[in-house]
Structure formats: C-alpha cells, structure tokens
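With the sequence shown counted from 1, adding 52 to any position gets you the numbering used here.
One should not assume that every hint holds.
Unchecked claim - Across the chosen pairs, the derived CB separations fall in these ranges:
1. ALA98 / GLY73: 33 to 39 Å
2. GLY73 / ARG95: 18 to 24 Å
3. ALA56 / ARG95: 21 to 27 Å
4. LYS97 / ARG70: 28 to 34 Å
5. ASP71 / LYS97: 29 to 35 Å
6. ALA98 / ASN67: 14 to 20 Å
7. ASN54 / GLY77: 17 to 23 Å
8. ASN67 / PHE88: 29 to 35 Å
9. GLU94 / ALA56: 32 to 38 Å
10. VAL59 / ASP93: 17 to 23 Å
11. LYS97 / MET74: 26 to 32 Å
12. LYS97 / TYR65: 20 to 26 Å
13. TYR85 / VAL59: 29 to 35 Å
14. GLY73 / THR96: 29 to 35 Å
None of these hints come from the bench; they were simulated from the model. Glycine residues also receive a C-beta, built at the ideal position from the N, C-alpha and C atoms.
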Amino acid sequence: MNTATIVQKLWNYCNVLRDDGMSYGDYVEQLTYLLFLKMADERTKA
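Whenever a hint applies, use it, and build me the whole structure from the sequences.
Dropping the structure here:
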C-alpha cells in the first residue's frame, strides 16, 4: 500500500464521519484511535 492510497482511505473515512455530523476534532480523535488499533493488530501479526 502506497502513501497516496493511505491518504485517500483517510479522506474517505473523514467524509463518512463528517456526513454523520461529527466535528473535525471528533473525527481526528476517531481516526487516531483506528490507526492505533491497526498498528496494534499489525504488531501482533509480526
């Protein structure tokens, strides 16, 4: 997965959260949590 793909996925998540009426601060918090979970998952697989 390249950088452009990751950035596009993040923006797609931002659009979903924004459409649900969340503020920028709220969805930054949610995306940070999702990234943390993804990193933890990747570490357990390694």
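Hint check results:
no.	hint	in the structure
1	ALA98 / GLY73: 33 to 39 Å	holds (37 Å)
2	GLY73 / ARG95: 18 to 24 Å	violated (33 Å)
3	ALA56 / ARG95: 21 to 27 Å	holds (24 Å)
4	LYS97 / ARG70: 28 to 34 Å	holds (31 Å)
5	ASP71 / LYS97: 29 to 35 Å	holds (32 Å)
6	ALA98 / ASN67: 14 to 20 Å	violated (31 Å)
7	ASN54 / GLY77: 17 to 23 Å	violated (28 Å)
8	ASN67 / PHE88: 29 to 35 Å	violated (21 Å)
9	GLU94 / ALA56: 32 to 38 Å	violated (20 Å)
10	VAL59 / ASP93: 17 to 23 Å	holds (20 Å)
11	LYS97 / MET74: 26 to 32 Å	holds (30 Å)
12	LYS97 / TYR65: 20 to 26 Å	holds (22 Å)
13	TYR85 / VAL59: 29 to 35 Å	violated (18 Å)
14	GLY73 / THR96: 29 to 35 Å	holds (34 Å)
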